[in-house]
Every structure is written in C-alpha cells, then in structure tokens.
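Which chain is which? The protein sequence lines are A and B, in order. Its first residue numbered 1323, the first sequence is counted upward by one per residue in the working numbering. Its first residue numbered 4, the second sequence is counted upward by one per residue in the working numbering.
Among the clues, some could well be false.
Claimed, not checked - Pairs of lysine to aspartate or glutamate, EDC-like flavour, derived with a Cα cap of 20 Å:
{"no.": "1", "chain 1": "B", "residue 1": "Lys74", "chain 2": "B", "residue 2": "Glu45"}
{"no.": "2", "chain 1": "A", "residue 1": "Lys1333", "chain 2": "A", "residue 2": "Glu1431"}
{"no.": "3", "chain 1": "B", "residue 1": "Lys8", "chain 2": "A", "residue 2": "Glu1366"}
{"no.": "4", "chain 1": "B", "residue 1": "Lys74", "chain 2": "B", "residue 2": "Asp27"}
{"no.": "5", "chain 1": "A", "residue 1": "Lys1333", "chain 2": "B", "residue 2": "Asp27"}
{"no.": "6", "chain 1": "B", "residue 1": "Lys59", "chain 2": "B", "residue 2": "Glu18"}
Note that these hints are calculated values from the structure, not bench results.
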Amino acid sequence: GAGVSQSPSNKVTEKGKDVELRCDPISGHTALYWYRQSLGQGLEFLIYFQGNSAPDKSGLPSDRFSAERTGGSVSTLTIQRTQQEDSAVYLCASSLARLSSGNTIYFGEGSWLTVV
Amino acid sequence: DQQVKQNSPSLSVQEGRISILNCDYTNSMFDYFLWYKKYPAEGPTFLISISSIKDKNEDGRFTVFLNKSAKHLSLHIVPSQPGDSAVYFCAATSNTGNQFYFGTGTSLTVIP
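Could you build the full structure based on these sequences and the hints that come with them?
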C-alpha cells in the first residue's frame, strides 16, 4: 500500500477483555515499530521488529502486551485483560532499515483504544 | 526517564512571524534527530531531520539547528502559516539503538 495501514481505527472495549490491533507496513519496509501515546504524554516505544531478527520488546509495559510479525510484513499487537490505563492511541511505523542509516520512519494514523 | 524533552507544551505565534520550537536531550550517544508534525486524529508525519555531523539543515520554511555541546536542537519555521498549527515532536536515536526517543510535543498555534 501507499502508507502504513492500521486497524481498527477506533476500538472501545470493556476492562478485562483482550484486543488485537493490526498494522500493515509500507511494502518493502523491513523495520516495524509500535508506539503508543497516552493522553497528554509523548510517544512511548513499545516494540521493534527488523527483518528476521529477534524483536526488541524492551518497551512493552507488562506481560499483558505481546506482538508478532508474520512473514516479515503484517504485525499484530495484542493486549490481554485490558485495563483503563491501556487507553491510548497505538501507532505503528515502518522504515526501510534501521534509523541510524538515516531513513525516515513513516507512521500510520493510529488505533485509538478506549477501555471502559 | 525522559531522554528527550520538550519543555514548552504550547506556543502561539502570529502568522508571518518565526516559530521556534525547542528540544533538549540527555544521551550523548544520540546521533540522528528528527522532527515530526501531528494533526489531531492523524499519525505523526516526518518533517525534517539532522545528523550529528551537521549543525543545520534547511528545507524550505523549516530549519533545524543542532547544538551538540548543549544537547539542544531547535526547529525554526519562517514565515509561520496557519496550516502549521499542529503538535510538533522531536525525536532522537543512536546507531547502537533500536528505538526513537520522542519528546512530549509542543502544540503550535499560528494566529491568522
């Protein structure tokens, strides 16, 4: 596709339920990132995938959060037993390669999650 | 621990004047810096970047300045236009890291 595509764009869920957020990166981009932005906060790193390497999961806030990337393309972020503090916009981004090579990362429009 | 800081949550300027957005960082290993612009209900979009080997990068109305000794960068927009009203995030990374570190953003309002 032309850009990073995320779904759903909006999700309201009850506390305790599981949610899955999907990201379809730009075709050919080997690097994929998940960030989130809570109300009034900056962008918080969650996880990074690069090609076939083991993902960097250092930003995942708890073991309720997990992510996978199938076939080096589409990624799914799963939040189990959602809590109200999980309410945020979840942003996916992709790039051709690691940031240090000077490539830009491109963001999707985000998935807005509200836990009630 | 906030490694990238934007201490001004908001800024208002008159149309046609200069907007200066500031960003400070703490990690001396950071070597690549970017500015993103975000409109409500949209994802951030890339604006301009600078490598640590430079101290200035210009693209049209946008110029980013980097002061490595002060661990400070700034984004200048001149002349400012109402369409520039958005939240601006600065971000930094290093060649040994995997992630972008983002500031908390500065909301710019350009008054017509």
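Consistency of the hints with the structure:
| no. | hint | in the structure |
| --- | --- | --- |
| 1 | Lys74(B) / Glu45(B) | 29 Å, violated |
| 2 | Lys1333(A) / Glu1431(A) | 14 Å, holds |
| 3 | Lys8(B) / Glu1366(A) | 13 Å, holds |
| 4 | Lys74(B) / Asp27(B) | 6 Å, holds |
| 5 | Lys1333(A) / Asp27(B) | 35 Å, violated |
| 6 | Lys59(B) / Glu18(B) | 24 Å, violated |
In this structure, the earlier hints numbered 1, 5 and 6 are contradicted, and the remaining ones agree with it.
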